[in-house]
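**Q** Sequence:
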Amino acid sequence: MKSLLAEFKEFINRGNVIDMAVGIIIGAAFTAIVTSLTDDIINPLIKLITGGNGTDVAGLTIPVAGTENGIDFGAFISAIINFLIVAWVVFMIVKAFNKMKDGTAKLPFMKNAKGEEVIEHAPTCPFCLEEINVGATRCPHCTAELPAPAEVTIEVVKK
13 MKSLLAEFKE FINRGNVIDM AVGIIIGAAF TAIVTSLTDD IINPLIKLIT
63 GGNGTDVAGL TIPVAGTENG IDFGAFISAI INFLIVAWVV FMIVKAFNKM
113 KDGTAKLPFM KNAKGEEVIE HAPTCPFCLE EINVGATRCP HCTAELPAPA
163 EVTIEVVKK
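Under the working numbering, think of the first position of the sequence shown as 13, with each following residue one higher.
To be clear, the hints were calculated from the coordinates, so they are not data collected in a lab. Glycine residues also receive a C-beta, built at the ideal position from the N, C-alpha and C atoms. A hint or two may mislead.
With a Cα cut of at most 25 Å, we get these calculated SDA-like pairs of lysine to any residue [to be verified]:
id	residue 1	residue 2
1	K113	V76
2	K59	K21
3	K107	N94
4	K21	I38
Pairwise CB distance ranges (calculated) [stated by the list, open to error]:
id	residue 1	residue 2	range
5	V98	L57	35 to 45 Å
6	G127	D52	44 to 54 Å
7	E19	P75	51 to 61 Å
8	E143	T47	21 to 31 Å
9	P56	E143	27 to 37 Å
10	A156	G127	17 to 27 Å
11	E143	V102	34 to 44 Å
12	A77	P56	48 to 58 Å
13	S15	E128	58 to 68 Å
14	K123	A87	28 to 38 Å
15	K107	T149	49 to 59 Å
16	A87	E143	42 to 52 Å
17	D31	A134	15 to 25 Å
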């Protein structure tokens, strides 16, 4: 039976946990950029358009009878703008990742000695079609023995 500390160490050492931590850190930094964009650029424009003074949209209020300050809708507008910017960037990142994962992303072309455009393809296992390392004689995914050491294939692009 594993100790609690050994299980925790195994959990932390998994690659997806590290990736998640990096994503959270980058997300926090990106949130600061989006907040600055909203507070320092977009809010003053909204304030200018609505005829307010200063640079803080959070001060835009709707007077309500019976209340001292009214309803502050500027903070709500700022939150919506922040959300839309972050959602758009996440959408674009996911779209680019999916395009790359599907293999439909256009890769930069290289040229061979004849000046023809070529694409290098990483070797794949002929049995399970997973990517393998150059020179491998056995697939690390399905453990099949390969007929020959794995090699990069080169495709000449015809226009």
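**Q** Work down the list of hints and note, for each, if the structure agrees.
**A** Okay, the hints, checked on the actual structure:
no.: 1; hint: K113 / V76; result: violated (53 Å)
no.: 2; hint: K59 / K21; result: violated (52 Å)
no.: 3; hint: K107 / N94; result: holds (20 Å)
no.: 4; hint: K21 / I38; result: holds (24 Å)
no.: 5; hint: V98 / L57: 35 to 45 Å; result: violated (19 Å)
no.: 6; hint: G127 / D52: 44 to 54 Å; result: holds (50 Å)
no.: 7; hint: E19 / P75: 51 to 61 Å; result: holds (59 Å)
no.: 8; hint: E143 / T47: 21 to 31 Å; result: violated (40 Å)
no.: 9; hint: P56 / E143: 27 to 37 Å; result: violated (50 Å)
no.: 10; hint: A156 / G127: 17 to 27 Å; result: violated (38 Å)
no.: 11; hint: E143 / V102: 34 to 44 Å; result: violated (27 Å)
no.: 12; hint: A77 / P56: 48 to 58 Å; result: violated (30 Å)
no.: 13; hint: S15 / E128: 58 to 68 Å; result: holds (60 Å)
no.: 14; hint: K123 / A87: 28 to 38 Å; result: violated (55 Å)
no.: 15; hint: K107 / T149: 49 to 59 Å; result: violated (38 Å)
no.: 16; hint: A87 / E143: 42 to 52 Å; result: holds (49 Å)
no.: 17; hint: D31 / A134: 15 to 25 Å; result: holds (21 Å)
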